[in-house]
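Order-wise, the sequence lines are chains A and B. In case it helps, our numbering puts the first sequence at residues 1 to 107. In case it helps, our numbering puts the second sequence at residues 1 to 415.
Treat the hints with care, since some could be wrong.
Short derived list, chain A residues pointing at chain B, Cβ under 10 Å [stated by the list, open to error]:
#1 SER23
#2 HIS31
#3 ALA45
#4 TYR52
#5 PRO78
These are calculated hints, taken from the structure and not from any lab test. Don't be surprised by glycine CBs; every beta carbon is placed ideally from N, CA and C.
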Amino acid sequence: MPKVTFLRPNGDAIAVDVGDGTSVMQAAVAHGVTEIVAECGGTLACATCHVYVAEEHIDRLPPVSDDEQEMLDFTAAPRETGSRLSCQLPLGPDLDGIVVRCPETQY
Amino acid sequence: MGSSTVVVIGAGQAGCQIASSLREEGFTGRIVLVGAEAHLPYQRPPLSKGHLTGKASRDALWLRPASWFEEQSIEMRTSTRVTHLDTGDRRVLLQNGEALTYDDLVLATGARNRRLRLEGADLEGVLSLRTLDEADEVKARLEQAARVVVVGGGFIGLEVAATAVRLGKHATVVEVADQIMGRVLSGHTAAFLLRAHRARGLEIELTTMVSRIAGVAGRVAAVDTTDGRRFPADLVLVGVGANPNVELAEQAGIELDDGIVVDELLRTSAPHVYAVGDCACAPNPFAGGRRMRLESVQNATAQGRRLAATLAGRPEPFSSVPWFWSDQADIKLQIAGLTTGHTEVVVKGDANSERFSAYCFSQKRLLGVESVNRPADHMAARRLLSGSTSLSPQDVRRDNFDIKRASTGSAPVAP
Chain A
1 MPKVTFLRPN GDAIAVDVGD GTSVMQAAVA HGVTEIVAEC GGTLACATCH VYVAEEHIDR
61 LPPVSDDEQE MLDFTAAPRE TGSRLSCQLP LGPDLDGIVV RCPETQY
Chain B
1 MGSSTVVVIG AGQAGCQIAS SLREEGFTGR IVLVGAEAHL PYQRPPLSKG HLTGKASRDA
61 LWLRPASWFE EQSIEMRTST RVTHLDTGDR RVLLQNGEAL TYDDLVLATG ARNRRLRLEG
121 ADLEGVLSLR TLDEADEVKA RLEQAARVVV VGGGFIGLEV AATAVRLGKH ATVVEVADQI
181 MGRVLSGHTA AFLLRAHRAR GLEIELTTMV SRIAGVAGRV AAVDTTDGRR FPADLVLVGV
241 GANPNVELAE QAGIELDDGI VVDELLRTSA PHVYAVGDCA CAPNPFAGGR RMRLESVQNA
301 TAQGRRLAAT LAGRPEPFSS VPWFWSDQAD IKLQIAGLTT GHTEVVVKGD ANSERFSAYC
361 FSQKRLLGVE SVNRPADHMA ARRLLSGSTS LSPQDVRRDN FDIKRASTGS APVAP
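Looking at chain B on its own, in the form it has when it is part of the complex (with noise of 0.2 Å):
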């Protein structure tokens, strides 16, 4: 293990943790770390967030100390893209011309915003926020707008135009579907999250189809509905979900589906090749086993580590509760497990509060829950579907149930 080298191509949250991981079980080989930002690895999440705002700072974004990657013996390649890779020779070329030779390859090479593919999509002000660069921007931007919309109502939208209007902008979002959030949330948690939105002052228009992007002299001026409106702009934010970053992979031969094709221990169909993170297509036991890509940090951290230990010499399938959290204005929105295809909702607590779960369970298994502003339960659900507890939506309804203690199996859940 000491004269192997492992390198991980993208230093976001993925590459990042199996670079950390690899050393903190024990790996002494090479490790090399290679990033296309000019940054050293960073949380993304906040940057929708606090960043906005300023009330994050810059310094608490940063995943590990500059001085760590040298402490720790990881060679840290900013602002390098790889240009090739060959899975023949176990070679990549950087496109500074340099080529590494690798016992064991990463891909954690992420995923990238999708693009409005419309009339006037590349004015000047037209943003799309994922990297901490862009993040800069629309900071910088949104300090002078008046304005702003928001084309698509999904995790990172509704983030930005909540702080929108907390920083007092007039903001609205544009969505093509007739909830929020559709992808990921239930109708019942949608409905509430549009009206605890409308009523802090952020307008949303659902069904709602961007046919074109006004500008006057190269910068946006207003956002043109299929329906004949025209929602004026000074400032748009294009948040329509993203794809995987797979062309490397492509161009190696590799499987793909829905991102890199991986097994249960994250291996592509490569020899000594592995991905995880954003880009990654991985069998999920909390899907049934079906193979399906995620964008979370839970989802970043928990294979990264998980690969490191198979790297390391203790491989096990990959199996992790799938979470997700959002901060909206002064809402915290937690979902734990991974809810698609749910036929039966059961809410415990009092929407009118701000504060309530949604268990949400199909053919009366349940498949997961979402909490607003309810972190405990957030955190009971995520060690009752860790566990083999099954709970049924009749255990949920009952006026005495506690998930606290169904998840602790110490005290059954009375009859």
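Only chain A is shown next, with the shape it has when bound in the complex (with noise of 0.2 Å):
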């Protein structure tokens, strides 16, 4: 099972284990991740699931489509290097043990 760690703005990390194809949004949220909101539910609507992928992390990514390439740039905290929307990054053997940190505020 693929883990992934959130690092919360508090300075706590919190690392879960889950199944194959589940995504860093989905991870979070039944964790109780909250700084995660996803109100869309992960349908590329919103962009309240931003994230910052740690950056020893960031070439293992998929490829930004055009959609999210656009979406990010309308994040409520700023967008940096290893900005991704977390409903976007399925986990998988290519993903395990990815890190990223949350946001302070997805509004």
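Using the hints, build the complex out of the two chains.
This is the structure we're talking about:
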């Protein structure tokens, strides 16, 4: 089972194991990481599941689609290198052990 | 604050949000969240989409994990109805006989689907879709069905009908008005959606009124319309709108209009009683301050967050750009703002390519933007509507108009 670690704004780290194919967003919601809001439930309609992927893991990520690319310009917290919408990151062997930082706000 | 009690009636999106946001705001008192359904709070939008095809997993529906309620000291009462509200003694009675005394009470009672008052409306196979249990039934019956008739061409009806087509069913939508989604969409976007659905194999009958639902041995067999036609069906989905759940408020003598009337701080006419979400009729700055009821995730969560802040000592008027989305077949429809009453529509993009945005104006003022497969336009429109930048139809008509640039205000649109 792939593992993902969430770094919360308060400094806490939460590591969770989830089933293959679960998105990073779903992993957060299922484990009460409420900094990931995901208001639209993962349909790429709201940009409230923004995360910063740790630099050393960026090259393992799936490519950014055109729609995600555009939506990333509308996140509430500043867009940085490593900014992704976590609903677009399905967990599997490729992303096992990924570490993502949650932004201060999603609104 | 540590010793006070907030009771929230209704454990949908709005109720769950306020409980969650109260803790995030630092509220340390008692929170009781009372829900009539047997389930923990869940997302409703996927129920008429991915849930029906099995594409969305059931585990992904829950708004919070079961363990979260205990961790946050939120007392979650499922399968529990509230039978009485006494605003004088600040007390609610639960159906199990328990009485809860509150310092503040939040009504997040939601809405329920309207039923057809027609012969045959109670036949087996005539379904409605709002709750998870109802969605499970629609899903199970859809698997067996060959012919589906949807009564009502609104959000839920079209989502379910488009899903049925995707699953290879013969599906027909019967709509009484002369356009689909007539209450919420411009004529341009509604006409596009009509063509797009028909091109994908969905039959849509406009200006057609159902007269009765015919059955055989207690099971649905067909939908009859007033023009004398008959549409055979082994599953009928009724999606003709919803009414707010106001009985508890009404019994307590709280002011009602379309829903439970609240002011800009989401306060009802009774002291220490508030209302949020689908059941609340609140003044909306994006409708010129007119009081209205909105049925949407955005409205439920934004009001929940706002009221939590108010109860935690940071009162501010509710003001949040309304937005809506609907995924129908492979079409992503998003609406920013409230476009009701628009008199002018400027379309950017090409309807034939199925990617465009329709800008809706009244008196040269932008009311809202409907976007089809243009999520970035939608986000920019929300940003634009939340700010003070005004946009005229002439601005939008310009060839080099760029809503993203207009929304940041960093580079004014060239004259």
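Hints, one by one, checked against the model:
1. SER23: holds (9 Å)
2. HIS31: holds (6 Å)
3. ALA45: holds (5 Å)
4. TYR52: violated (19 Å)
5. PRO78: With a minimum Cβ separation of about 13 Å from chain B (threshold 10 Å), the hint on A:PRO78 is violated.
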